[in-house]
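Taken in order, these protein sequences are the chains called A and B.
Numbering-wise, my numbering puts 62 at position 62 of the first sequence, and it's gapless, one number per residue.
Numbering-wise, my numbering puts 85 at position 85 of the second sequence, and it's gapless, one number per residue.
Don't read these hints as lab results, they were simulated from the structure.
Accuracy of the hints is not assured; some may be wrong.
To be verified - Covered, in the sense of this in silico footprint (three residues per stretch, anywhere, with C-beta under 8 Å from a C-beta of chain B), are these stretches of chain A:
1. 318–332
2. 421–435
Said to hold, decoys possible - Now the in silico label distances, taken between C-beta atoms and shown as ranges:
3. B/Ala28 to A/Thr323: 52 to 60 Å
4. A/Ile42 to B/Trp133: 47 to 55 Å
5. A/Ala377 to B/Ala3: 44 to 52 Å
6. B/Phe213 to A/Arg124: 52 to 60 Å
7. B/Leu95 to A/Gln83: 49 to 57 Å
8. A/Arg222 to B/Leu129: 54 to 62 Å
9. A/Ser96 to B/Val165: 18 to 26 Å
10. A/Arg507 to B/Pro136: 53 to 61 Å
11. B/Trp133 to A/Gln83: 41 to 49 Å
12. B/Pro136 to A/Arg166: 24 to 32 Å
Note that the structure is predicted; figures quoted are calculated from it, not measured.
C-beta atoms are modelled at their ideal positions from N, C-alpha and C, and glycine is treated no differently.
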Amino acid sequence: MTTVDDRPAAPPAGAPRRRVNPVLALLRNSWRQLTSMRTALILLFLLAVAAIPGSVLPQRGVNPEKVNQYFIDHPDLAPRLDQLGFFGVFGSVWFSAIYLLLFTSLVGCILPRTRDHVRALRMRPPAAPKRLDRLPQHAVLEVPAAADPAAVAAVLRRRRWRVTVRGNEVSAEKGYLKETGNLLFHVSLVAVLLGVALGSWYGWHGNRILVAGADNAFCNTRQQYAEASLGPRVDSADLPPFCLTLDRFEADYLASGQASRYWATVTVDETDGSTRTAGFSVNSPLRLGPANVYLLGNGYAPVLRYTDRYGRTQTSVAPFLRTGDQNATEEGVAAFPDANVDPKTGARAPDQQVAFDGLYLPTAPETAPFVASQFPAERNPAVVLVAYRGNLGLDAGIPGSVYQLDQRQIDSGKLTQIGDKKLGLGEKWTLDDGSTLEFVGTKPYITISVRHAPGQALMLVACGTLLLGLMGSLFARRRRVWFRVSPSEGGSPTSGSSLVEAGGLPRTDHPGFADEFAQLVAAISDDGRADRPAREGAE
Amino acid sequence: MSALSDQLVTFAILAYLVAMISHAVEYALGNVRAGSARTAPARELVGAGVGGSGGAVETPVAAAVEARPSRSAARALIAGRVAAWLTVLAAALHLGAVVTRGIAAGRMPWGNMYEFVLTVTLIGAAAWLVVLWKQPSLRRLGLFLTLVMVLLLAFAELKLYVEVVPLMPALRSYWFIIHVSTIIFASGIFLLGVVPAAAYLLRAGWEQGRRSFPYTLARRLPAAAGLERLTFALHAFAFPIFTFAVIAGAIWAEAAWGRAWGWDPKETWAFISWVVYAGYLHARATPSIRRNVATWIAVVGFLTMLMNLFGVNFFFTGLHSYAGVN
Ligand code: HEM
Numbered sequence: 001m002t003t004v005d006d007r008p009a010a011p012p013a014g015a016p017r018r019r020v021n022p023v024l025a026l027l028r029n030s031w032r033q034l035t036s037m038r039t040a041l042i043l044l045f046l047l048a049v050a051a052i053p054g055s056v057l058p059q060r061g062v063n064p065e066k067v068n069q070y071f072i073d074h075p076d077l078a079p080r081l082d083q084l085g086f087f088g089v090f091g092s093v094w095f096s097a098i099y100l101l102l103f104t105s106l107v108g109c110i111l112p113r114t115r116d117h118v119r120a121l122r123m124r125p126p127a128a129p130k131r132l133d134r135l136p137q138h139a140v141l142e143v144p145a146a147a148d149p150a151a152v153a154a155v156l157r158r159r160r161w162r163v164t165v166r167g168n169e170v171s172a173e174k175g176y177l178k179e180t181g182n183l184l185f186h187v188s189l190v191a192v193l194l195g196v197a198l199g200s201w202y203g204w205h206g207n208r209i210l211v212a213g214a215d216n217a218f219c220n221t222r223q224q225y226a227e228a229s230l231g232p233r234v235d236s237a238d239l240p241p242f243c244l245t246l247d248r249f250e251a252d253y254l255a256s257g258q259a260s261r262y263w264a265t266v267t268v269d270e271t272d273g274s275t276r277t278a279g280f281s282v283n284s285p286l287r288l289g290p291a292n293v294y295l296l297g298n299g300y301a302p303v304l305r306y307t308d309r310y311g312r313t314q315t316s317v318a319p320f321l322r323t324g325d326q327n328a329t330e331e332g333v334a335a336f337p338d339a340n341v342d343p344k345t346g347a348r349a350p351d352q353q354v355a356f357d358g359l360y361l362p363t364a365p366e367t368a369p370f371v372a373s374q375f376p377a378e379r380n381p382a383v384v385l386v387a388y389r390g391n392l393g394l395d396a397g398i399p400g401s402v403y404q405l406d407q408r409q410i411d412s413g414k415l416t417q418i419g420d421k422k423l424g425l426g427e428k429w430t431l432d433d434g435s436t437l438e439f440v441g442t443k444p445y446i447t448i449s450v451r452h453a454p455g456q457a458l459m460l461v462a463c464g465t466l467l468l469g470l471m472g473s474l475f476a477r478r479r480r481v482w483f484r485v486s487p488s489e490g491g492s493p494t495s496g497s498s499l500v501e502a503g504g505l506p507r508t509d510h511p512g513f514a515d516e517f518a519q520l521v522a523a524i525s526d527d528g529r530a531d532r533p534a535r536e537g538a539e
Numbered sequence: 001m002s003a004l005s006d007q008l009v010t011f012a013i014l015a016y017l018v019a020m021i022s023h024a025v026e027y028a029l030g031n032v033r034a035g036s037a038r039t040a041p042a043r044e045l046v047g048a049g050v051g052g053s054g055g056a057v058e059t060p061v062a063a064a065v066e067a068r069p070s071r072s073a074a075r076a077l078i079a080g081r082v083a084a085w086l087t088v089l090a091a092a093l094h095l096g097a098v099v100t101r102g103i104a105a106g107r108m109p110w111g112n113m114y115e116f117v118l119t120v121t122l123i124g125a126a127a128w129l130v131v132l133w134k135q136p137s138l139r140r141l142g143l144f145l146t147l148v149m150v151l152l153l154a155f156a157e158l159k160l161y162v163e164v165v166p167l168m169p170a171l172r173s174y175w176f177i178i179h180v181s182t183i184i185f186a187s188g189i190f191l192l193g194v195v196p197a198a199a200y201l202l203r204a205g206w207e208q209g210r211r212s213f214p215y216t217l218a219r220r221l222p223a224a225a226g227l228e229r230l231t232f233a234l235h236a237f238a239f240p241i242f243t244f245a246v247i248a249g250a251i252w253a254e255a256a257w258g259r260a261w262g263w264d265p266k267e268t269w270a271f272i273s274w275v276v277y278a279g280y281l282h283a284r285a286t287p288s289i290r291r292n293v294a295t296w297i298a299v300v301g302f303l304t305m306l307m308n309l310f311g312v313n314f315f316f317t318g319l320h321s322y323a324g325v326n
């Protein structure tokens with residue numbers, strides 16, 4: 001942006017003329033510094049270095065549980081790191097500062113270069129230097145017929161040079177693609193960043209578990225997500241109102257237990273009121289108009305029927321979460337906070353709540369210990385549960401995990417263990433107070449991420465142009481050639497023979513230029529129907 | 001089939017090892033090129049039409065030491081040729097190992113780190129043979145290259161080896177093939193690129209008159225300017241492929257994980273490598289930055305690639321970590 005230089009500084013009244021305003025001078029110098037290639041390089045390196053902690057320390061955006069764990073493991077260090085933004089490196093002030101400076105530098109460098117390049121594209125190739133023999137490539141050839149600069153120009157044009165003829169001189173230039181590509185590349189970088197910005201302003205996403213069955217359908221509102229984040233320009237009311245029901249989930253496994261295929265079939269109630277059935281999988285998300293649905297995980301929700309001491313029955317379909325082993329051992333909790341309500345009085349008994357905590361094994365071993373599943377598919381499903389009775393602590397207003405019992409209630413003795421048991425499919429367990437728990441079956445569930453990412457199309461296009469530009473920039477080569485046609489010494493113009501002097505200048509590192517130049521000269525001499533070049537040399 | 005693949009790997013390592021020894025013999029016997037430099041045209045000495053600057057600097061000391069003429073020079077030439085052909089053999093065995101591994105697995109052999117390293121090194125070796133064919137004068141770099149091959153392959157066989165298993169569902173996508181094949185290809189070229197880069201750094205020091213330890217290794221290397229040019233050519237070739245591979249990875253990640261870019265450790269390090277290599281290209285295009293500074297950046301770039309390949313799989317867990325060992 002050399003416009004800064006050109007703008008005349010209004011001299012303050014009374015000040016000596018021609019003294020440059022120091023603020024302006026400072027600004028101008030800083031701008032020059034910022035847009036220099038050296039600064040861009042340093043900023044590039046800072047960017048690389050600044051990204052490293054993002055891979056070493058756990059990041060909230062990637063894995064919030066690990067961040068919490070880090071706080072537990074390093075109680076002194078973690079808060080300080082947190083203040084400095086180390087658990088969200090890529091959104092931190094310092095990381096943003098580096099890339100914003102870099103991109104400012106980039107824009108400050110693209111603008112003047114674009115202007116210069118457009119100018120160069122409009123200009124004719126420059127006139128020949130006086131002494132062509134000083135150029136890296138030089139040749140003199142004698143052409144028997146009277147050579148015509150226009151004919152030389154025609155040969156060059158056929159080879160897609162930009163050509164201009166000035167009297168007996170032909171100037172030609174090729175390889176503008178290098179600079180064009182380079183500019184395209186750098187502009188595309190800016191476009192990618194814009195795409196990122198768009199996505200983070202106008203995008204939103206939410207994650208949740210979706211258990212099979214119509215009773216467990218979910219509709220796209222913020223409350224329905226276990227975890228959601230909306231961009232600053234998005235309001236909860238902006239979420240498109242579609243609903244999903246998981247009808248079926250299929251998983252195929254190899255003998256080794258490794259999964260080979262997942263497939264989820266859902267019923268979609270679209271925003272416009274229509275209904276359809278659709279399938280999706282890992283690697284092939286469900287693309288609804290306003291958002292995409294991705295399959296991230298899956299598991300089983302044991303169906304547990306509890307009959308309390310008054311004979312009232314309640315059913316829990318709580319998803320158990322994978323513990324992470326190969327064979328889909330899961331752990332979780334089935335809580336019955338409304339158990340043991342006296343049907344006569346209707347009074348809730350907060351100290352008579354019941355919960356079961358334990359494992360679900362899709363393929364339980366034949367004999368104890370029942371601690372791990374032996375295969376991820378359901379060959380011998382069983383739950384291994386510990387029963388608790390007492391106050392679950394759900395009313396305290398402290399949000400707890402639905403996948404874990406509140407350890408504080410257990411520690412304080414408000415919730416006590418009353419037994420444990422392994423239940424196979426259909427088996428019933430009678431507790432000490434006569435109430436029963438039956439393991440009825442399971443329902444599959446899937447973990448989904450629902451996402452609206454508006455900048456993505458722009459980013460994709462920008463990545464395409466970025467690649468094209470990059471290749472142009474790296475592989476195109478700017479070079480110039482000149483030809484000067486003169487009547488042969490001794491011979492008169494009418495005798496027909498003429499002398500063509502040629503010079504070539506590669507403007508970028510170009511090992512193949514000598515060959516290209518030689519071919520060009522040969523073509524011109526053929527074109528003039530000469531026998532062979534009179535003298536040709538690379539020096 | 002999988003056992004055959006394992007045997008072929010072992011044989012390939014042995015062949016690279018023998019090639020390396022043969023290169024070492026060539027190197028020790030000396031000085032076929034520096035010795036004949038005074039008679040041979042400069043072009044032959046430095047290859048690839050590079051001006052004779054390198055040869056000129058070398059002579060005073062080298063010529064005194066290496067004045068002993070042709071006998072050992074001829075032997076060195078033979079040793080060098082044998083080494084080159086052994087490298088061809090090793091690469092053929094190596095190719096066989098990768099192909100049989102793929103057949104055994106019934107898929108592209110890029111499902112885990114072992115297979116990844118196996119294929120990356122194959123690309124590096126194959127690209128080296130192409131370079132060698134085009135510029136035979138660079139043959140002595142083969143010593144470094146075969147060394148790298150032996151080290152990486154032996155490491156892969158001893159530390160990374162896993163049995164053939166099918167792919168997990170997340171990896172079953174044609175983007176897997178596109179993304180991983182291009183990453184492997186680019187990594188192979190970067191791997192090869194680091195050989196002339198390191199050689200250049202040594203050789204440039206030697207040509208500037210440094211005669212202390214690491215630089216003395218470079219006494220009989222091809223001239224610095226040619227090495228530097230090769231370094232750049234390889235990196236300029238690999239960089240757009242790498243860029244494409246990262247973009248393909250983002251497209252795939254969008255389909256598989258619901259986000260194109262999520263800064264998991266693997267992605268973060270790919271970003272770092274990309275930025276560092278872009279820095280190298282910039283530095284090299286900037287006349288005020290010295291070539292050895294630029295070349296150091298390329299070496300750092302390669303270290304970040306290694307970090308991504310080994311470090312991230314071993315030290316961090318992320319969505320990509322199933323590509324690791326277990
Ligand atoms: C976001 C940061 C940037 C990245 C990733 C980047 C990347 C690249 C790449 C890959 C090349 C190709 C190298 C080549 O043609 O040899 C290049 C060339 C170039 N870049 Fe950048 N660039 C960035 C920022 C900048 C900035 C801020 C400037 C201006 C100060 C700049 C100026 C140039 C120039 C002048 C070239 C031409 C070099 C040549 O054609 O040989 N770049 N850039």
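A quick look at each hint next to the structure:
Here the segment 318–332 of chain A counts 0 residues with a CB under 8 Å from a CB of chain B, which misses the bar of 3, and the coverage is violated. Three residues within the 8 Å Cβ limit are the bar, and the segment 421–435 of chain A against chain B gives 0, so the coverage statement is violated. One distance hint, 52 to 60 Å for the beta-carbon pair B/Ala28 and A/Thr323, holds here, with the actual separation near 59 Å. Roughly 40 Å separates the CB atoms of A/Ile42 and B/Trp133, a value that falls outside the hinted 47 to 55 Å.
Between A/Ala377 and B/Ala3 the beta carbons are some 30 Å apart, a value that contradicts the proposed interval 44 to 52 Å. For the pair B/Phe213 and A/Arg124, the supplied restraint of 52 to 60 Å holds, since their beta-carbon distance comes to about 57 Å. A beta carbon spacing of about 54 Å between B/Leu95 and A/Gln83 agrees with the range 49 to 57 Å that was offered as a hint. At roughly 59 Å, the beta-carbon separation of A/Arg222 and B/Leu129 lies within the given 54 to 62 Å, and the hint holds.
For the pair A/Ser96 and B/Val165, the beta carbons lie near 42 Å from each other, so the given range of 18 to 26 Å is not met. For the pair A/Arg507 and B/Pro136, the beta carbons lie near 30 Å from each other, so the given range of 53 to 61 Å is not met. For the pair B/Trp133 and A/Gln83, the beta carbons lie near 58 Å from each other, so the given range of 41 to 49 Å is not met. Range check, B/Pro136 to A/Arg166: Cβ separation about 45 Å, and the 24 to 32 Å hint is violated.
In the structure shown, a violation is registered for the earlier hints numbered 1, 2, 4, 5, 9, 10, 11 and 12, in ascending order.
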